[in-house]
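Can you make the complete structure from the sequences, with help from the hints?
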Amino acid sequence: MTGADLLESVAKLFGPKLHAKAEFRGETTYAIASTDLREIAKLCRDDLSFDYLIDITSIDNFGVDPRFEIVYELYSMTLAVHLRLKMKIGEDETPDTVSDIWPTANWHEREIYDMMGIKFKGHPDLRRILMWDGYPFFPLRKEFPLEGLPSEMPDVAFTKSAPLEGGPFVTQPSTAITKFREPRARPPEL
Amino acid sequence: MAEERSTAYDSKIEGNVIFTRLDAAFNWVRKNSLWPMPMGLACCAIELMATAASRFDIARFGAEVMRFSPRQCDVMIVAGTVTYKMALAVKRIYEQMPDPKWVIAMGACASTGGMYRSYAVLQGIDQLLPVDVYISGCPPRPEALLAGLMKLQEKISREKSFAAQKPELTKKLAGVNT
Chain A
1 MTGADLLESV AKLFGPKLHA KAEFRGETTY AIASTDLREI AKLCRDDLSF
51 DYLIDITSID NFGVDPRFEI VYELYSMTLA VHLRLKMKIG EDETPDTVSD
101 IWPTANWHER EIYDMMGIKF KGHPDLRRIL MWDGYPFFPL RKEFPLEGLP
151 SEMPDVAFTK SAPLEGGPFV TQPSTAITKF REPRARPPEL
Chain B
191 MAEERSTAYD SKIEGNVIFT RLDAAFNWVR KNSLWPMPMG LACCAIELMA
241 TAASRFDIAR FGAEVMRFSP RQCDVMIVAG TVTYKMALAV KRIYEQMPDP
291 KWVIAMGACA STGGMYRSYA VLQGIDQLLP VDVYISGCPP RPEALLAGLM
341 KLQEKISREK SFAAQKPELT KKLAGVNT
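If you read the sequences in order, they're chains A and B. Position 25 (the first sequence) corresponds to 25 in our numbering; numbering is contiguous. In our numbering, each residue's number is its place in the second sequence (first place is 1) plus 190.
If you're looking for bench data, these hints aren't it; they were derived computationally from the structure. No experiment lies behind these values; they were computed from the predicted model shown. Here a beta-carbon is modelled for each residue, glycine too, at the ideal position from N, C-alpha and C. Honestly, I wouldn't trust all of these hints.
Sample of chain A residues facing chain B (criterion: CB under 10 Å; computed from the structure) [to be verified]:
{"no.": "1", "residue": "TYR113"}
{"no.": "2", "residue": "LEU130"}
{"no.": "3", "residue": "THR159"}
Over the 10 Å line for every Cβ pair with chain A, so calculated as not near, a few chain B residues [unchecked claim]:
{"no.": "4", "residue": "ASP200"}
{"no.": "5", "residue": "ASN206"}
{"no.": "6", "residue": "VAL207"}
{"no.": "7", "residue": "LEU212"}
{"no.": "8", "residue": "ALA214"}
{"no.": "9", "residue": "ALA215"}
{"no.": "10", "residue": "ASN217"}
{"no.": "11", "residue": "GLN262"}
{"no.": "12", "residue": "LEU278"}
{"no.": "13", "residue": "PRO290"}
{"no.": "14", "residue": "VAL311"}
{"no.": "15", "residue": "ALA337"}
{"no.": "16", "residue": "ARG348"}
{"no.": "17", "residue": "LYS350"}
{"no.": "18", "residue": "LYS356"}
{"no.": "19", "residue": "LYS362"}
Restricting the straight-line Cα-Cα distance to at most 30 Å, the calculated cross-link-like pairs of lysine-lysine (DSBU-like) are [said to hold, decoys possible]:
{"no.": "20", "chain 1": "A", "residue 1": "LYS119", "chain 2": "A", "residue 2": "LYS160"}
{"no.": "21", "chain 1": "B", "residue 1": "LYS281", "chain 2": "B", "residue 2": "LYS356"}
{"no.": "22", "chain 1": "B", "residue 1": "LYS291", "chain 2": "B", "residue 2": "LYS356"}
{"no.": "23", "chain 1": "A", "residue 1": "LYS21", "chain 2": "A", "residue 2": "LYS88"}
{"no.": "24", "chain 1": "A", "residue 1": "LYS42", "chain 2": "A", "residue 2": "LYS86"}
{"no.": "25", "chain 1": "A", "residue 1": "LYS160", "chain 2": "B", "residue 2": "LYS275"}
{"no.": "26", "chain 1": "A", "residue 1": "LYS121", "chain 2": "A", "residue 2": "LYS88"}
{"no.": "27", "chain 1": "A", "residue 1": "LYS160", "chain 2": "B", "residue 2": "LYS291"}
{"no.": "28", "chain 1": "B", "residue 1": "LYS345", "chain 2": "B", "residue 2": "LYS361"}
{"no.": "29", "chain 1": "B", "residue 1": "LYS345", "chain 2": "B", "residue 2": "LYS362"}
{"no.": "30", "chain 1": "A", "residue 1": "LYS121", "chain 2": "B", "residue 2": "LYS275"}
{"no.": "31", "chain 1": "A", "residue 1": "LYS142", "chain 2": "B", "residue 2": "LYS362"}
{"no.": "32", "chain 1": "B", "residue 1": "LYS275", "chain 2": "A", "residue 2": "LYS119"}
{"no.": "33", "chain 1": "A", "residue 1": "LYS160", "chain 2": "B", "residue 2": "LYS281"}
{"no.": "34", "chain 1": "A", "residue 1": "LYS121", "chain 2": "A", "residue 2": "LYS142"}
{"no.": "35", "chain 1": "B", "residue 1": "LYS202", "chain 2": "B", "residue 2": "LYS291"}
{"no.": "36", "chain 1": "A", "residue 1": "LYS21", "chain 2": "A", "residue 2": "LYS86"}
{"no.": "37", "chain 1": "A", "residue 1": "LYS88", "chain 2": "A", "residue 2": "LYS119"}
Dropping the structure here:
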């Protein structure tokens with residue numbers, strides 16, 4: 001079996017459950033429904049040799065419904081094939097965990113919960129992983145400001161808003177020298 | 191009546207006596223044997239290690255004894271990005287250091303948050319600890335750290351150590367003199 005054969009059998013096996021096929025630089029992407037996730041994931045690992053889950057990431061399409069998108073990056077070590085599965089998730093939906101299928105998903109799903117606030121159904125230990133327990137915000141959501149928000153957890157941690165003063169490392173196209181293209185402070189209307 | 195003798199010209203102890211101020215003696219001892227607490231939190235710690243290694247040799251300034259127990263340290267070198275998650279731990283380690291103690295904020299992140307204007311990073315360790323010397327750079331070169339260390343030594347040599355150590359006695363002595 002070659003890599004091309006493998007991708008063909010993916011298409012054959014799941015057929016109508018795969019939507020919006022896209023190919024870019026030799027990598028194949030499919031959109032799937034969140035209800036099909038576990039079935040597809042299990043078969044991908046057991047029958048289709050996708051033994052390696054590279055990463056799970058999440059995207060906040062703020063203002064679009066459904067709001068979130070979760071991206072699974074699968075890889076077959078034996079056939080060197082990359083497969084990307086994208087799954088749209090509404091704000092109140094709780095997608096299934098895949099941490100029992102690929103144990104590495106355990107921490108990836110914790111990170112997504114920590115940063116985006118998406119809860120995974122059936123996750124064995126869904127705690128925050130980067131921020132501390134009790135931190136009240138989900139910092140990678142679009143409505144969360146770049147400079148952060150103040151919070152206070154006595155004896156654990158506190159946060160304050162960072163002084164942005166017009167934005168860090170914001171450059172404007174012009175022929176002016178750096179000092180004027182990237183000022184330390186810029187009025188908010190610009 | 192006892193014969194009046196000058197200590198310096200007493201042939202029995204000549205050469206073994208130094209006249210100085212108490213503060214100067216304290217400060218001389220302190221500044222030439224600063225034991226750093228290497229609070230290495232990011233890439234600045236690499237430069238800190240380079241400063242301690244043979245090429246730059248922080249031992250030339252008496253600060254080579256990096257202690258990983260805060261209870262044996264004099265100066266905390268905050269080398270790197272202080273996240274909010276780490277911030278209170280840094281403060282706690284600082285509080286475990288015995289007096290007298292000093293703090294060097296090494297690099298842009300420790301001084302101001304540096305390029306991390308974000309929700310996760312403390313915007314300068316001086317919001318939690320009293321910083322004595324700030325060192326610019328991202329990361330600073332070992333020479334810059336050594337220059338900062340020398341600045342701290344200058345600062346220590348100007349301190350009123352005795353008065354800080356024995357405030358009551360100082361007051362009493364001042365009263366006697368006036």
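Status of each hint after checking the structure:
At about 16 Å, the closest approach between the beta carbon of TYR113 (chain A) and any beta carbon in chain B exceeds 10 Å, and the interface hint on this residue is violated. The interface hint given for LEU130 (chain A) is met, as the beta carbon of that residue sits about 8 Å from the closest beta carbon of chain B, less than 10 Å. At a threshold of 10 Å, the smallest CB-CB gap from THR159 (chain A) to chain B is about 5 Å, leaving the interface hint in force. Non-interface call for ASP200 (chain B) relative to chain A: holds, since the shortest CB-CB distance, roughly 60 Å, exceeds 10 Å.
Even its closest Cβ contact with chain A, about 53 Å, leaves ASN206 (chain B) beyond 10 Å, as expected for a residue assigned away from the interface. Remark: the non-interface label on VAL207 (chain B) is consistent with the geometry, its nearest Cβ contact in chain A lying 53 Å away (cut-off 10 Å). In this structure LEU212 (chain B) is separated from chain A by more than 10 Å, as the shortest Cβ-Cβ distance comes to about 40 Å. The beta carbon of ALA214 (chain B) sits about 42 Å from the closest Cβ of chain A, which is more than 10 Å, so the claim that it is off the interface holds.
For ALA215 (chain B), the non-interface assignment is confirmed: its Cβ lies about 41 Å from the closest Cβ of chain A, beyond the 10 Å cut-off. The beta carbon of ASN217 (chain B) sits about 36 Å from the closest Cβ of chain A, which is more than 10 Å, so the claim that it is off the interface holds. Every beta carbon of chain A lies more than 10 Å from that of GLN262 (chain B), the smallest distance being close to 25 Å; the non-interface claim holds. Non-interface call for LEU278 (chain B) relative to chain A: violated, since the shortest CB-CB distance, roughly 6 Å, does not exceed 10 Å.
No Cβ of chain A comes within 10 Å of the Cβ of PRO290 (chain B); the nearest lies about 27 Å off, and the non-interface call holds. Not every CB of chain A lies more than 10 Å from the CB of VAL311 (chain B), the least distance being 7 Å, so the non-interface label is violated. Non-interface status of ALA337 (chain B) relative to chain A is upheld: no Cβ of that chain comes within 10 Å, the nearest being about 25 Å off. Taking the minimum C-beta to C-beta distance to chain A, about 32 Å, the non-interface status of ARG348 (chain B) holds against the 10 Å cut.
With a least beta-carbon separation of about 34 Å from chain A, LYS350 (chain B) lies farther than 10 Å from that chain, consistent with its non-interface assignment. Distance to chain A confirms LYS356 (chain B) as a non-interface residue, since its nearest Cβ pair spans about 34 Å, more than 10 Å. At roughly 41 Å, the least C-beta separation between LYS362 (chain B) and chain A is larger than 10 Å, which holds for a residue marked as non-interface. At most 30 Å may separate the alpha-carbon atoms for a hinted pair to count; LYS119 (chain A) and LYS160 (chain A) meet this at roughly 26 Å.
Distance check on the hinted pair: LYS281 (chain B) and LYS356 (chain B) sit about 26 Å apart at the alpha-carbon level, within 30 Å; holds. Only pairs whose Cα atoms come within 30 Å are accepted, and LYS291 (chain B) paired with LYS356 (chain B) is accepted, the gap being roughly 16 Å. Restraint check: the Cα-Cα separation between LYS21 (chain A) and LYS88 (chain A) comes to about 15 Å, which is no more than 30 Å; the hinted pair holds. Our distance criterion of 30 Å between C-alpha atoms is met by LYS42 (chain A) and LYS86 (chain A), whose separation comes to about 16 Å.
For a cut-off of 30 Å, the pair hint linking LYS160 (chain A) to LYS275 (chain B) stands: about 12 Å separates their Cα positions. The suggested pairing of LYS121 (chain A) with LYS88 (chain A) holds, with an alpha-carbon distance near 15 Å, which does not exceed 30 Å. A C-alpha spacing of about 27 Å is found between LYS160 (chain A) and LYS291 (chain B), which places the hinted pair at or below 30 Å, so the restraint holds. Pair hint LYS345 (chain B) plus LYS361 (chain B) holds up; C-alpha atoms about 24 Å apart against a cutoff of 30 Å.
Straight-line distance between C-alpha atoms of LYS345 (chain B) and LYS362 (chain B) comes to about 26 Å, which keeps the hinted pair within the 30 Å bound. Between LYS121 (chain A) and LYS275 (chain B), the direct Cα distance comes to roughly 28 Å. Compliance with the 30 Å bound is thereby established for this hinted pair. With a C-alpha separation of about 64 Å, the suggested pair LYS142 (chain A) and LYS362 (chain B) falls outside the 30 Å cut-off, and the hint is violated. At most 30 Å may separate the alpha-carbon atoms for a hinted pair to count; LYS275 (chain B) and LYS119 (chain A) meet this at roughly 23 Å.
Taken as a hint, the LYS160 (chain A) and LYS281 (chain B) pair is honoured in the structure, with Cα atoms around 17 Å apart against an allowance of 30 Å. Of the pairs offered as hints, the one joining LYS121 (chain A) and LYS142 (chain A) holds, with about 23 Å between alpha carbons and a cut-off of 30 Å not exceeded. Only pairs whose Cα atoms come within 30 Å are accepted, and LYS202 (chain B) paired with LYS291 (chain B) is rejected, the gap being roughly 39 Å. Of the pairs offered as hints, the one joining LYS21 (chain A) and LYS86 (chain A) holds, with about 10 Å between alpha carbons and a cut-off of 30 Å not exceeded.
The straight-line distance between the Cα atoms of LYS88 (chain A) and LYS119 (chain A) is roughly 14 Å, inside the 30 Å bound, and the hint therefore holds.
This entry does not satisfy hints 1, 12, 14, 31 and 35, going by the numbered hints stated previously.
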